[in-house]
Amino acid sequence: MANALFYLVAALSVIAAAGVVLFRNPISNVLSLLFAFFCLATIYLLAGFQFLAATQILVYAGAIMVLFLFVIMLLNLAPGPNAPELERVGLAMFLRRKSGVTIVIAAALLILGTSAVLGTHDTAVQAAEAMPKKGLDAITATPGSSEGLAGEMFGRYLLPFEAISMLLLATAVAVVVLAKRSRPENS
Amino acid sequence: MNLTDQTWLWAIPALPLAGSALCGILHYLTIKARMPKRAHGAHGHDDHGHDAHGHGHAAHADHAASDHGAGDHAHGGDHGHGHAKVEPGLSAFAPWIAVLAMAGAFALAIKGFLGLQGETHALESPAWDWIDTGTFRIDLAIVLDRLSSVMTLVITGVGTLIHIYAAGYMKGDKHYAKFFAYLNLFVFAMLMLVLSSNLLGLFVGWEGVGLCSYFLIGFWYEKGWPAEAGQKAFVMNRIGDASFLIGSFLLVKLFGTLDLSDIVAGVSGLLGDPEKKYELLLAGLFLFGGACGKSAQLPLFTWLPDAMAGPTPVSALIHAATMVTAGIYLTVRLNPVYAASPDLLFFIGAVGAVTALIAGSTALVQRDIKRVLAYSTVSQLGYMFLGLGTGAWAAAIFHLVTHAFFKALLFLGAGSVIHGMHEEQDMHKMGGLKKHMPATYFTFLAGAAALSGLPLLSGYFSKDEILAHTFAHGGAYRILWGIGIATAAMTAFYTWRMVALTFFGKERFDPHHVHPHESPSVMTVPLMVLAVLSVFGGLLGLPPVLGSTHALEHWLEPVTAAGNALLAEHGTHALDHGTEWMLLGLGAVIALVFMGLGIRAYVGGTARDEKVASSAPGLARFLQGAWGIDAAYTAYVVRPMQLLFFVVAIVIDQFTIDGMVNGAGAVARTCGDRVRRMTSGNIATYGLWMGAAAALIAFLFLKRIG
Amino acid sequence: MSAWLHLFTLELAVVAIALLVLLWDAFAPAAGRAVGWTTALLLGGVFAASFFVDGRGTVPHGVFVRDEWVVFHERLFLAAGILGVLGSIDWLATRTPKRQAEYYALLLFSLAGMMLLAGARDWILLVTCFELMSMPLYVLCAYGKQDGPASEPKLAAEAGLKLFITGAASSGLTLFGLALVVGMTGTTHVGGIGANPAPLTIVGMLFVLAGFGFKVGAVPFHMWVPDTYQGAPTPFVAFLSVAPKAAGLATLAIVLLGGWSADSSVWLPVLLVLAGASMVVGNLFALPQTDARRLLGFSGVAQIGYALLALGAMSRGGLAMTLFFVATYVFTNLGVFFVLHAAAEEGGGHSLARIAGLSRRSPWLGGALLVFLLSLAGIPFVAGFWAKLFVFMEAWNAGLVGLVVLGVALAVIGLYYYLTVARSTYMADGDRTTPVPTGFALRAAILVCLIFVVGLGLWPRPLVEAADRAAAGIVSGR
Amino acid sequence: MTVPSSHLLILAAILFSIGVAGFFLRRNVIVVLMCIELMLNAANLSFLAASRMHSLDTPGGRIDLQGPIFAIFVIVVAAVEAAVGLALVIALYRRKQTVSLDDVVDLKD
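If you read the protein sequences in the order shown, they are chains A, B, C and D. First residue of the first sequence? That's 1 in the working numbering, and the numbers climb one at a time after it. First residue of the second sequence? That's 1001 in the working numbering, and the numbers climb one at a time after it. First residue of the third sequence? That's 2001 in the working numbering, and the numbers climb one at a time after it. First residue of the fourth sequence? That's 3001 in the working numbering, and the numbers climb one at a time after it.
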């Protein structure tokens, strides 16, 4: 049952991702992406990463996608009387110059990734089995617990955590700098 | 025997370096004094010292924020004074400093020379562990041996004279002090080149002289073309330098050391291994490539005639007496490397002979007096390489020394003429100058006689020694000898053509506008000293057939012994006395005959040149352009490279990016446009490039792991 | 925590200065040049402190290691930061007088990211520091987007966007690759790759390398370099062209030489291809440029190729010479861009024609520019000579004969276009003879660069030794 | 769920490839940003899949935590990039009234 659900959601997520690339209307793109994120959150849940699933929904769906929608509306990019002409997509997009190369590259990446995954499965499992013997300090916790996560986040990974807090502070400054209209005496 | 711990040797290069620094400071002070108040360079303590309010051009918005603007108005007016005649100010002291530094270095060089007598073969300063990190160590020492002693005496001796001359020649130039700073810096670099104990120090000097040459050729950059000529010279030199660097890397790989004496001593030990012998040949070839760049040999000689854009003392010092001989010095310094391979030696001799012929014939038709001398220099350097090609190390150095004397003299004499003729360099607009500038005339005659190889003068002995060695080698060398003899004839002809056009015959300039005058004694005294040296310089290397020992050859014996020992394995070449007398006689006859022909053809004026130009225009053009070498560069190097660039750009463009849209019509666009389309400004295109490249790298990656 | 907090004294100080500057601006805005000078002086204090703060050690789990390698890079980045601030003071005070503090704060955040990056030995820290370093740079690129030399189109926003899009995409690439690497090796430690990695690990590392290649501007990931240099504010480009590249190279060294040296036969060919391609493309594409900034952009690509070449020597000496090369490049390129900025501000543009006659009007600026250009070309008596020579020497010793020959030959082309810039500043302009106005801070920055470039040219030993000590932190032995 | 972890990895590779293709194909800069977000999400999925792969073999049913922690950091990075990217888009739109990359080609030789 859970397995069938996984394959269903996986297929839906691929379709949604394709929608991000193929839809013409920016609003549709955002909604596709949103749907893809929900699919991914479901997969996280199925795989036992409850905390990540929650974060995925809160941060991506709740914050990032709203930001995208907000900007699209702010810049008046949704189809409407005064909106700019929409980009040609679908078959037209693939017939555009350079797209042949694009498809080749994307396909190459896909084949590369898939074949590496398939070819690597045995080795990877072996490597994972060999892990404790190598004495590497693999960090573990009981399934579904966010205690372990917190412990590591504020223990071993405290330093990156502090760095990311600096990053967020810098981002706040940066966005203000970018989005603020220049003052009249400079224009 | 080597005397070590001679710390004072460091003073030889250090003196010109200090002189350079002092002259640089003087230049700074002069410029600062000359600048309008509060100009750039006069570091004030305010942030707004340089606002342009008072200077008349549009003020920027940012300057409007200045609250110091009012203070600037007082100084706005003192701009725009002419550039023609400039008060020397403090820079008047520069030549004194520079000449003193040179004279000091010369005195020390003599001290070293005197210390090298008897069994003492070299003086060494203590080694300075200049960089030492444990993984990386470079020791630097100054070594004055028999060879570098000769070079140092020439560099500092002739250099001092040229510095004195320049004090007069450059008077009134607005960058008087800067000139001497560069000149002294050049001497420092040149001394590092000949005195350093290892390849790295030599390379610093090697590149350093190129840099100073660039500065000095472009010294009058405001004219435009000197800056261009300087760039050309520098870049062509750099081609040679690249070759030099690769050659020295090969040497380091072979010998595991940068130390020159170790390399020289180690050559004979390598010859048993054919692979190492081959690498040695390769190293020698690359180093010779470097020598070709610095010493203006085929195919890298075209920069030297253009380098005449520099002030004449520069031409005399750098492009005749010292820098261009660096290639000769390098070859003699590493003589066993070359002696190990007879084929390489023959190649060097052939390059030298062909260069001598091409340059000599080109000099026949030049109208610019400095270009005649420039091509003559290339030609004479060719002789030196011909000498090296026969393994006659001492003969090449001998010619180097005498050439330094008479060519410096000729350049300085030409400078004196140009100075007296108000910057006129075209010989067709001269004539009859002998009565206007007698001192220049007589000294110039001495130099011309030495260059053309008139009997018993310095050039006669040194050139004939090279030719005799070439003749003695027999075989294919006889062809080179024939080329050498032909070049000797040309040399005599163009030298006396130059003398006749300049000093003999009628005056072809407008006497109302041009008033030729003799140069001041600060310029003529160095000429006289050099004239004496040019006449008697041959005494250094009188041939044994005249009943004397070859003093220079004997002197250089410790340096050349290793190479000579290797050469001796291939057999010795000696001439019997009869042949030697015959060759000496032949040289004398050719010089005299072609001197006579040259004078006879041109004493009456320029008619002969016009006749050649009208009867054989193709030949005249061919010779004028140095056998079309420069044109050949454009046709066979620059154009094909442009074409290649063009084709690559089109291929990439058509087949990956815009090909489907643009079609073949785009081919018509220019090369630059094609290249630019690769950076079209469109991020999507960039992404594609990155993706394609990443795929390529992935391929590489996966190929490695199978 | 307090046991290892002292390791981050300098980084914390830099962040503290950033906060101080922001607070100052919040409570007393429009402080003229004072903000910039304060930042520069405080950074100078941090730089001086780096000689007294003697923290060496490792954070638990080896997430961060502070050794000679880190100390060297901290000083290098601090020096670049101080000079970057000094060079921007006059420009900011005149162009955006009401909005200065954010510029310095963002620069300082980026600086803190770089300083942490040098000691990061954990992928998570590495990634976060990379972002902390890069993100402010995207924004600074678009800084002052409303302004610019009057005669030039206003392109800062475009430059920022281009840097951002390529940067973000490469971040995505890196992160996806890291997911594979971390997933396969089961550890976030940089040194965890080990010998005989799984194919998927190698694919992941390929993506990671591509991301780093973007950051240092190596061919084929160099496209952003000339565009960004041309569009962004020149004083910032000076900083952008040196510090992030040095940081990117440091990361490459940590990852490849420190973490993955066991399997160098896998990545070395890729590294060498990047090095060779960067040298070729950088040098050839610089030739036809007419905008000085684009020319310097491609020249920067070429210079990175030389640095990668020394990195490819895979020895302690080679790494040391990479550091030496990068350090001289920092001072040289900062100097070039500062002089260019001074000339372009007044001349109204960065094309070679616009800066013509510079050395006639301001001999000192012209002379300084010539010195920097000669250093880039690798000519004696200035620092760049030793840098190039040492790089070639180490690469030759490592047996990279072909690439050394290529590099030596391409350096000739390099000399040609550098001299072309010099020649254009020598050519008389005619219509203007007044000295180019430069502010005191900019002059001070140029002077410092000049002192370093000439000083290291005459006496490179201290830097060579420091670089060698630093390299010992990554590659042990000789 | 007993799906092999390699299938998660393949799903991640597919999503990443779609993101890359969109990055190349689309001209609307906002959509390009979305494609970058998609790429980052694919990275996250890979982290978790790999983490799950290790967890299966870890004795005692405990799960490997490095993947999830890395994923959390990636989410923050993604948020930062979205914020900065969109701010840059707004800045560009104010200057050029466009969000099409085809119009952002002023910087070139």
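For the record, the hints were derived by calculation from the structure and aren't laboratory data. Here a beta-carbon is modelled for each residue, glycine too, at the ideal position from N, C-alpha and C. Careful: at least some of the hints might be erroneous.
[Claimed, not checked] Sample of chain C residues with no beta-carbon within 12 Å of chain B, all distances over it, derived:
(1) 2004
(2) 2020
(3) 2050
(4) 2053
(5) 2061
(6) 2360
[As the list claims (entries may be wrong)] Partial chain C-side listing against chain D, Cβ under 7 Å, derived:
(7) 2131
(8) 2135
(9) 2157
(10) 2161
(11) 2183
(12) 2399
(13) 2402
Comparing the hints with the structure gives:
1. 2004: holds, 30 Å
2. 2020: holds, 22 Å
3. 2050: holds, 21 Å
4. 2053: holds, 24 Å
5. 2061: holds, 30 Å
6. 2360: violated, 7 Å
7. 2131: Check passed: Cβ of residue 2131 of chain C comes within 5 Å of chain D, closer than 7 Å.
8. 2135: Since chain D brings a Cβ to about 6 Å from residue 2135 of chain C, closer than 7 Å, the hint holds.
9. 2157: Status holds, d = 5 Å.
10. 2161: OK, holds: residue 2161 of chain C within 7 Å of chain D, min 5 Å.
11. 2183: Interface hint status for residue 2183 of chain C: holds (2 Å vs cutoff 7 Å).
12. 2399: Because about 37 Å separates residue 2399 of chain C from the closest Cβ in chain D, which is outside the 7 Å limit, the hint is violated.
13. 2402: violated, 30 Å
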